[in-house]
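Could you put together the complete structure from these sequences and hints?
Chains as they are written, first to last, in full-length UniProt numbering: chain A, 1 to 347; chain B, 1 to 72.
Simulated from the structure, these hints should not be mistaken for lab results.
Every residue, glycine too, gets a C-beta built ideally from N, C-alpha and C.
Heads up, some of the hints might be wrong.
Here are the computed lysine to any residue pairs in the SDA-like style, where the Cα-Cα straight-line distance is at most 25 angstroms [said to hold, decoys possible]:
hint : chain 1 : residue 1 : chain 2 : residue 2
1    : A       : K115      : B       : A22
2    : A       : K150      : B       : G59
3    : A       : K119      : A       : A152
4    : A       : K150      : B       : R63
5    : A       : K119      : B       : Q15
6    : A       : K119      : A       : P166
7    : A       : K115      : B       : A33
8    : A       : K115      : B       : R63
9    : A       : K119      : B       : H67
10   : A       : K115      : B       : L38
11   : A       : K115      : A       : A328
12   : A       : K150      : A       : P108
13   : A       : K115      : B       : F58
14   : A       : K119      : B       : S72
15   : A       : K119      : B       : L38
16   : A       : K115      : B       : H71
17   : A       : K150      : B       : F58
18   : A       : K119      : A       : G176
19   : A       : K115      : A       : G94
20   : A       : K115      : A       : L138
21   : A       : K115      : B       : A14
22   : A       : K119      : B       : W60
23   : A       : K119      : B       : Q46
Beyond 12 angstroms from chain A on every Cβ pair, some chain B residues (computed) [as the list claims (entries may be wrong)]:
hint : residue
24   : Q15
25   : G21
26   : Q46
27   : G59
28   : G68
Single-letter residue listing:
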Amino acid sequence: MSISTTTLSDRPGDPGRSDILAVAREQVLERGEGLTREQVLEVLQLPDESLDDLLALAHDVRMRWCGPEVEVEGIISLKTGGCPEDCHFCSQSGLFASPVRSAWLDVPMLVEAAKQTAKTGATEFCIVAAVRGPDERLMGQVAAGVAAIKDAVDINVACSLGMLTPDQVTRLAEMGVHRYNHNLETARSYFPNVVTTHTWEERWETLRLVREAGMEVCCGGIVGMGETLEQRAEFAAQLAELTPDEVPLNFLNPRPGTPFGDLEQMSGPDALRTVAAYRLAMPRTVLRFAGGREITLGDLGARQGLLGGINAVIVGNYLTTLGRPAEADIDLLGELQMPIKALNETL
Amino acid sequence: MTAPVQEPAADGAAQFCDQCGAPAAEPGHERCAARRTLEPPRFCPQCARRMVVQVDPFGWTARCSRHGETHS
Ligand code: SF4
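See the structure below:
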């Protein structure tokens with residue numbers, strides 16, 4: 001797939017640019033039809049002065065097509081570090097001089113983390129492993145973990161275990177894993193700049209298998225990795241084509257020792273424009289604030305995002321880094337009068 | 001990566017930066033200080049060994065093979 005060369009002749013500030021908001025209002029808000037790649041690019045090129053209007057529209061779209069509920073999730077790393085892949089943003093690759101060391105979590109700790117997560121009102125608990133794909137040891141650990149969690153806690157269990165074989169997909173579905181996360185990470189055209197040990201197409205194939213097996217598809221990526229705005233728009237269109245049930249949106253948090261460790265953090269306005277643009281590209285998806293929001297947007301970011309198209313959050317810590325205290329996000333949802341999505345609505 | 005390993009001070013005081021593993025007294029830890037609010041420790045403050053760190057949704061534990069475990 002080639003990189004789009006924009007057809008827009010407008011420059012930031014031209015009156016033509018804000019027309020995209022009027023178009024989006026009619027197309028996305030009224031008809032529920034997501035923006036195209038070219039339209040997403042127009043949104044990403046809107047000047048900062050249009051940001052408030054853009055966020056307000058994205059919020060209206062989210063309320064209209066998804067409702068006020070917010071899906072709350074906790075994530076846990078079952079197997080940390082030592083991954084053989086070379087995703088340039090990742091501190092868990094064993095190929096870089098990252099300070100993250102390998103670690104495995106045992107099943108009782110997994111269950112305890114699920115219990116604590118459920119106490120926040122979260123309905124999702126995602127078990128993640130830093131691997132290319134699961135081996136038999138990991139599949140066994142996941143099977144034991146999922147069964148133990150289901151015995152002890154009322155929460156949906158999701159997994160993120162890398163690329164899967166058809167047999168592994170079937171087994172995870174049989175374990176009762178209701179959603180599978182596998183991020184495409186970035187636009188297809190930019191992927192070779194981010195990962196060289198596997199392809200975007202291999203990732204797409206796992207997602208196809210997951211959908212075929214009846215599990216929900218969770219697929220997003222990371223923005224701010226040096227991709228162009230055109231590629232950011234390309235990625236939105238590629239995600240929209242996949243029609244994932246959930247899109248986790250991460251902002252690059254440059255990790256020491258990784259090839260992207262010295263990249264600049266994305267600016268707050270750029271991050272918010274991306275949130276809104278992705279909402280306008282995918283009006284019905286669960287759009288989740290994931291890693292990097294704290295450093296990119298600060299404390300205000302959670303509020304701005306939730307009022308700008310986001311309708312799901314990861315509470316508490318991430319896989320190797322710390323997040324805002326869970327109570328801060330839960331309190332904010334109360335203040336914004338956004339109810340936490342209940343378990344029966346997600347089943 | 002092999003972290004520089006040094007013996008801890010007799011009083012057990014932190015000699016090394018828990019973010020980068022360099023001697024704490026050296027200049028240039030501004031980025032480490034900023035990072036610390038959203039990062040668990042990675043290096044043992046007593047000997048600079050890389051620690052095995054487990055983050056969970058609500059905390060972390062960090063284990064040094066010589067100096068044992070600390071947690072949030
Ligand atoms: S496959 Fe996952 S864990 Fe491994 S390097 Fe890539 S992002 Fe990190």
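Hints versus structure:
Distance hint between K115/A and A22/B is unfulfilled; the C-alpha atoms sit about 38 angstroms from each other, more than 25 angstroms. A C-alpha spacing of about 23 angstroms is found between K150/A and G59/B, which places the hinted pair at or below 25 angstroms, so the restraint holds. With a C-alpha separation of about 13 angstroms, the suggested pairing of K119/A with A152/A holds against the 25 angstroms cut-off. Simply put, K150/A and R63/B have alpha-carbon atoms about 30 angstroms apart, too far for the 25 angstroms limit, and the pair is violated.
Taking the CA atoms of K119/A and Q15/B, the gap is near 39 angstroms; set against the 25 angstroms cutoff, the hint is violated. A threshold of 25 angstroms between alpha carbons decides the hint, and for K119/A with P166/A the separation of about 34 angstroms lies outside it, so the pair is violated. With a CA separation close to 32 angstroms, the supplied pair K115/A and A33/B exceeds the 25 angstroms bound. At most 25 angstroms may separate the alpha-carbon atoms for a hinted pair to count; K115/A and R63/B meet this at roughly 24 angstroms.
For a cut-off of 25 angstroms, the pair hint linking K119/A to H67/B is broken: about 33 angstroms separates their Cα positions. For the given pair, K115/A sits about 23 angstroms from L38/B by alpha-carbon distance, which is consistent with the 25 angstroms threshold. For the hint linking K115/A to A328/A, the alpha-carbon distance of about 19 angstroms falls within 25 angstroms, and the restraint holds. For the proposed pair K150/A and P108/A, the alpha carbon gap of about 13 angstroms is at most 25 angstroms, so the pair holds.
Restraint check for K115/A and F58/B: the C-alpha separation of about 11 angstroms stays at or below 25 angstroms, so the hint holds. For the suggested pair K119/A and S72/B, the alpha carbons sit about 19 angstroms apart, so the restraint of at most 25 angstroms is met. Among the hinted pairs, K119/A with L38/B is consistent with the structure: their alpha-carbon atoms are about 23 angstroms apart, no more than 25 angstroms. For the suggested pair K115/A and H71/B, the alpha carbons sit about 19 angstroms apart, so the restraint of at most 25 angstroms is met.
Restraint check for K150/A and F58/B: satisfied, since their Cα atoms lie roughly 20 angstroms apart, inside the 25 angstroms limit. Simply put, K119/A and G176/A have alpha-carbon atoms about 21 angstroms apart, close enough for the 25 angstroms limit, and the pair holds. Between K115/A and G94/A the CA atoms are separated by roughly 31 angstroms; this puts the pair beyond 25 angstroms, and the hint is violated. Among the hinted pairs, K115/A with L138/A is consistent with the structure: their alpha-carbon atoms are about 22 angstroms apart, no more than 25 angstroms.
Annotation: proposed proximity of K115/A to A14/B is violated, straight-line Cα distance about 35 angstroms (limit 25 angstroms). Our distance criterion of 25 angstroms between C-alpha atoms is met by K119/A and W60/B, whose separation comes to about 18 angstroms. Only pairs whose Cα atoms come within 25 angstroms are accepted, and K119/A paired with Q46/B is rejected, the gap being roughly 36 angstroms. With a least beta-carbon separation of about 17 angstroms from chain A, Q15/B lies farther than 12 angstroms from that chain, consistent with its non-interface assignment.
Non-interface status of G21/B relative to chain A is broken: a Cβ of that chain comes within 12 angstroms, the nearest being about 7 angstroms off. With a least CB separation of 16 angstroms from chain A, Q46/B remains clear of the 12 angstroms interface cut-off, as annotated. Remark: the non-interface label on G59/B conflicts with the geometry, its nearest Cβ contact in chain A lying 7 angstroms away (cut-off 12 angstroms). The Cβ of G68/B sits about 16 angstroms from the closest Cβ of chain A, beyond the 12 angstroms cut-off, so the non-interface label holds.
This entry does not satisfy hints 1, 4, 5, 6, 7, 9, 19, 21, 23, 25, 27, going by the numbered hints stated previously.
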